[in-house]
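Quick note, the sequences are listed as chains E and S, same order. Each number in this note's numbering comes from the position in the first sequence (counting from 1) with 123 added on. Each number in this note's numbering comes from the position in the second sequence (counting from 1) with 3 added on.
Don't take each hint at face value.
Said to hold, decoys possible - When the alpha-carbon atoms are kept at most 30 Å apart in a straight line, the in silico DSS-like pairs for lysine-lysine are as follows:
#1 K135/E - K182/E
#2 K135/E - K70/S
#3 K142/E - K49/S
#4 K109/S - K186/E
#5 K182/E - K142/E
#6 K136/E - K186/E
#7 K136/E - K70/S
#8 K70/S - K142/E
#9 K186/E - K70/S
#10 K146/E - K70/S
Calculated from the structure, these hints are not laboratory results. None of the values given here were measured: they were computed from a predicted structure.
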Amino acid sequence: QVQLVQSGAEVKKPGASVKVSCKASGYTFTSYGINWVRQAPGQRLEWMGWINPANGYTKYSQKFQGRVTFTRDTSASVAYMELSGLTSGDTALYFCARGVVVTARLHHWGQGTLVSVSS
Amino acid sequence: QPLLSQPPSASGAPGQRVTISCSGGSSNLGSNPVQWYQQLPGTAPKLLIFNTNMRPSGVPDRFSGSKSGTSASLAINGLQSEDEADYYCASWDDIMNGVVFGGGTKLTVL
């Protein structure tokens with residue numbers, strides 16, 4: 124069965140960077156896009172962008188452009204999300220989700236990774 | 004200003020029918036299908052409806068979706084206590100060239 128397993132919770136100081144991983148299994152990793160979505164405490168879901176694991180193409184939400192980087196390791200079926208210049212406003216649950224390209228169809232989600240930013 | 008708007012809350016008694024609305028614009032709901040996600044407390048969202056009115060396998064047929072113009076609705080028939088959750092609509096936006104989510108509706112089963 125399709126599974127997306129994310130790395131564990133992180134605590135970071137303001138100004139630092141964080142890198143979250145998302146290991147895929149149960150399907151061909153290069154056949155579907157990986158989207159990243161975050162949810163601040165008590166807030167709505169917020170789409171950050173997506174990566175095409177087949178060719179490394181990335182699309183970032185304008186809000187995060189310049190601060191976020193998506194990468195992937197096809198040999199290990201792992202996608203990564205790195206966010207820099209962290210502030211307290213980046214404290215959130217970060218999800219990876221397998222999606223159908225150029226749609227909002229996110230059929231499978233990781234369990235989420237809590238990133239806390241505090242001095 | 005969020006691109007997709009939902010009422011913050013909805014409620015109904017067990018067995019009743021509840022509808023949740025989602026309002027958008029020409030660049031999202033007006034030209035792309037809507038998805039609905041159910042999020043139970045402390046868990047990842049789960050795809051409930053895709054392509055406006057399709058259910059993934061395992062989703063009960065009590066859940067149904069529809070869309071007209073730039074508005075969409077999720078209907079839940081025969082409300083059950085386990086339906087108590089947050090519900091989000093989502094669509095692709097052609098101007099943003101990305102996914103947009105509604106603000107979420109918290110459903111309470113009375």
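Here is what the structure says about each hint:
| no. | hint | result |
| --- | --- | --- |
| 1 | K135/E - K182/E | 25 Å, holds |
| 2 | K135/E - K70/S | 42 Å, violated |
| 3 | K142/E - K49/S | 24 Å, holds |
| 4 | K109/S - K186/E | 26 Å, holds |
| 5 | K182/E - K142/E | 17 Å, holds |
| 6 | K136/E - K186/E | 21 Å, holds |
| 7 | K136/E - K70/S | 44 Å, violated |
| 8 | K70/S - K142/E | 38 Å, violated |
| 9 | K186/E - K70/S | 28 Å, holds |
| 10 | K146/E - K70/S | 35 Å, violated |
In terms of the numbered hints stated before, the structure departs from hints 2, 7, 8, 10, listed from lowest to highest.
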